[in-house]
Amino acid sequence: MPCDLHIDHLPGDDFGRVSLLMDGRRVLLNFVPEEAQEIADLLRRREAEQQDTT
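For what it's worth, the numbering used here labels the leading residue of the sequence shown as 28, then goes sequentially.
What the hints contain is simulated information worked out from the structure, not anything from laboratory work.
A hint or two may mislead.
As the list claims (entries may be wrong) - Label-pair ranges, simulated between beta-carbon atoms:
1) R71 <-> G51: 16 to 24 Å
2) D79 <-> M49: 19 to 27 Å
3) D31 <-> E62: 14 to 22 Å
4) H33 <-> D79: 16 to 24 Å
Everything numeric in this text was worked out from a predicted model, so none of it was measured.
Every residue gets a Cβ at the ideal spot worked out from N, C-alpha and C, and that includes glycine.
Produce the entire structure from the sequences given, and follow the hints as far as they go.
What follows is the structure in structure tokens.
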């Protein structure tokens, strides 16, 4: 299943939000902005690995 993922960061907010769609539901995960980018990159790598094995 393709990963619908993006990062939100509101001005003045201390957190970055990794927003992803899982099983038809939107999930928001809060991280400091640097970690949010790392998490998003990890999720995209895992998705690419899964597509390579199918």
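Looking only at beta-carbon atoms, does the pair H33, D79 fall within the given range of 16 to 24 Å? Holds - the Cβ-Cβ distance for H33 and D79, about 23 Å, lies within 16 to 24 Å.
Falls inside 16 to 24 Å, the C-beta gap from R71 to G51? 20 Å Cβ-Cβ, so the 16 to 24 Å window holds.
May I ask you to test the hint 14 to 22 Å on the CB atoms belonging to D31 and E62? At 20 Å between Cβs, range holds.
Distance restraint evaluation - D79, M49, Cβ atoms, bounds 19 to 27 Å: With Cβ atoms ~20 Å apart, the hint holds.
Checked against the numbered hints listed earlier, the structure breaks none of them; every hint is satisfied.
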